[in-house]
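Trainee: So the chains spell out like this:
Protein chains: 4
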Amino acid sequence: MPKSKLYNLNSQTVASATREWLLKRGVTITQIAELVIFLQKDYFPELTLEECELNVEAVLTKREVQNAVLTGIQLDILAEEGKLLPPLQEMIENDEGLYGCDEILALSIVNVYGSIGFTNFGYVDKLKPGILKQLNDKESSSCHTFLDDIVGAIAASASSRLAHRNQAERENRIEPPLD
Amino acid sequence: MPKSKLYNLNSQTVASATREWLLKRGVTITQIAELVIFLQKDYFPELTLEECELNVEAVLTKREVQNAVLTGIQLDILAEEGKLLPPLQEMIENDEGLYGCDEILALSIVNVYGSIGFTNFGYVDKLKPGILKQLNDKESSSCHTFLDDIVGAIAASASSRLAHRNQAERENRIEPPLD
Amino acid sequence: MPKSKLYNLNSQTVASATREWLLKRGVTITQIAELVIFLQKDYFPELTLEECELNVEAVLTKREVQNAVLTGIQLDILAEEGKLLPPLQEMIENDEGLYGCDEILALSIVNVYGSIGFTNFGYVDKLKPGILKQLNDKESSSCHTFLDDIVGAIAASASSRLAHRNQAERENRIEPPLD
Amino acid sequence: MPKSKLYNLNSQTVASATREWLLKRGVTITQIAELVIFLQKDYFPELTLEECELNVEAVLTKREVQNAVLTGIQLDILAEEGKLLPPLQEMIENDEGLYGCDEILALSIVNVYGSIGFTNFGYVDKLKPGILKQLNDKESSSCHTFLDDIVGAIAASASSRLAHRNQAERENRIEPPLD
Chain A
1 MPKSKLYNLN SQTVASATRE WLLKRGVTIT QIAELVIFLQ KDYFPELTLE ECELNVEAVL
61 TKREVQNAVL TGIQLDILAE EGKLLPPLQE MIENDEGLYG CDEILALSIV NVYGSIGFTN
121 FGYVDKLKPG ILKQLNDKES SSCHTFLDDI VGAIAASASS RLAHRNQAER ENRIEPPLD
Chain B
1 MPKSKLYNLN SQTVASATRE WLLKRGVTIT QIAELVIFLQ KDYFPELTLE ECELNVEAVL
61 TKREVQNAVL TGIQLDILAE EGKLLPPLQE MIENDEGLYG CDEILALSIV NVYGSIGFTN
121 FGYVDKLKPG ILKQLNDKES SSCHTFLDDI VGAIAASASS RLAHRNQAER ENRIEPPLD
Chain C
1 MPKSKLYNLN SQTVASATRE WLLKRGVTIT QIAELVIFLQ KDYFPELTLE ECELNVEAVL
61 TKREVQNAVL TGIQLDILAE EGKLLPPLQE MIENDEGLYG CDEILALSIV NVYGSIGFTN
121 FGYVDKLKPG ILKQLNDKES SSCHTFLDDI VGAIAASASS RLAHRNQAER ENRIEPPLD
Chain D
1 MPKSKLYNLN SQTVASATRE WLLKRGVTIT QIAELVIFLQ KDYFPELTLE ECELNVEAVL
61 TKREVQNAVL TGIQLDILAE EGKLLPPLQE MIENDEGLYG CDEILALSIV NVYGSIGFTN
121 FGYVDKLKPG ILKQLNDKES SSCHTFLDDI VGAIAASASS RLAHRNQAER ENRIEPPLD
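Heads up: the protein sequence lines correspond to chains A, B, C and D, in order.
Last residue of the first sequence: 179 in full-length UniProt numbering, with the numbers rising by one and none dropped.
Last residue of the second sequence: 179 in full-length UniProt numbering, with the numbers rising by one and none dropped.
Last residue of the third sequence: 179 in full-length UniProt numbering, with the numbers rising by one and none dropped.
Last residue of the fourth sequence: 179 in full-length UniProt numbering, with the numbers rising by one and none dropped.
Extracted from the complex, chain A is given alone in its bound form:
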């Protein structure tokens, strides 16, 4: 279509919208951080919620992650309002088992922190702890077909980031870098 001559992406707008949309759809940073605790508590017993929140925040600064969050939530909202065309409307509204575009967007989030996050994503996506259980409440009037996968993926990515950071820290303890 004829493109606006004045189009200039403003990354700050994209970043803010990501945070706002998550909140409006009922997901807080703390709730995602609790999923990180759930995934990592056996490996890092001393892990704090605050540290997890910082890692979730870092994941959310990535453009690739923001794109997936905004696109997924948009499709959920449109499905909720019945504004998608059939049969896509029915597939997303019913979280159809053979519809996998939600997992695909989720995987694009996990990929940013590498393949070590796949396992954690699959695990929370199956068990649906914490906020994921709420998002999956089939009696609710909301549609979170995309959002629950996306939230699980953000938690898995934050766990991967944490694993990388912990390794870096451990190495510094063993052999402190020269000045």
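If you're looking for bench data, these hints aren't it; they were derived computationally from the structure.
Not one of these hints is a red herring.
Same chains, same label: a pair holds when it works inside one copy or across any pair of copies.
Here are the simulated DSSO-like pairs of lysine-lysine, each with C-alpha atoms no more than 27 Å apart in a straight line:
#1 Lys126 <-> Lys24
#2 Lys24 <-> Lys62
#3 Lys62 <-> Lys83
#4 Lys126 <-> Lys41
Given chain A, work out where chains B, C and D should sit, using these hints.
Mentor: For chains B, C and D alone, kept in the frame of chain A given last:
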């Protein structure tokens, strides 16, 4: 949301919608087959358009492919109608360079026929031959941010399928299987 | 390198090698089928081990799957024999947490049956039921850094295939196709 | 296998090995940077080789990238020495068209900087400019089945990184951030 008790996915409906939506958005099987010819003519000089069409048709029977086609076209249509929320509306409308969810859906199509299709996808997506050039016409009033990647991915997948089939055929010629 | 003029891929050789290598490394079709039962029993209580075995067999006929199996097992064997160069030798030998090429090869298997398999892959990879527990025995003299992810991925793919087949069957029951 | 009690990953060792192995296999940072120039010159005419080199260096600091580089080069070396088991030996030695594990490792590199890099990867992988042409010389006694895809993927990733950086810079010019 409260799920319709009577929801039953009808795969035939999904398959038909995929074909119809492609046509309505101006893409024929023949045009996608021409991309396959473009990609494969150096390797299989005797390749016919009809054979390519059959391979494109086969790719389009896969549910994973249908899901990506319907989801991508739906987002294109909504962007065209200005019905997405900002800043997603602007990003898709302008085919924003840092927005990559179109490539992600495309990759989910390529993946079904394996990694040997990545190269072909990237190649047509960069060169934009045939129908891809039309879909990319920035002066048009249509938005094909998702569709052009999706069509390239279908052509790349059909090329992969063709490579697998040709190998099978070649082997039969060399050593015909025992009865 | 100068290529053998007589090189002709024989797909049957690749397929047979895949089956043999899995067996030699201690993994049977039945053990993978048991993972499929583990993953699907809640959804299809009447599922038989035989049906799962057939689905595992079908997954193993795919070239993309065979390539990943052979490549992964080869790296495991070389690590076991201490024939890899440092630091790769140490990373694979110790199933290093930040080394993710095993998950990457596994994902290439899952992808062939689409994104609905990601969740199942992550779930078994985390829980390590059945044969996966044996493969992960850190006291053993074997190295299965790649194989355990690969076996989990085959089980997840077979589960995806099963879900697609069951849907097809269900639809036929509801509305039998016209002759 | 019984794990060395003293195993401690040293990330610096992994990073150094990555740089050394690339050099030993005949690939310099400058040659990869030239691929970035090839990919980006139309969009950023003022782009310098030095700037591209810095972006390539940054890509090479990522663990996920290092893992793929080391694993791919290791397989190339073993194929060159004839130390892989048949039929994997023949497939890698002959850069078999239906063998796609090289593209899979390459994609894991591209993914780290997001899906916008897929197109660039496919494009250079098809055209084989600069160093990629040398690596693909079928008359040479070396085997670079994995390395050529990996080098193309590093160049595509560096291009993605550059696109993100340029956007950030452009935004600062338009609306300088508040103190």
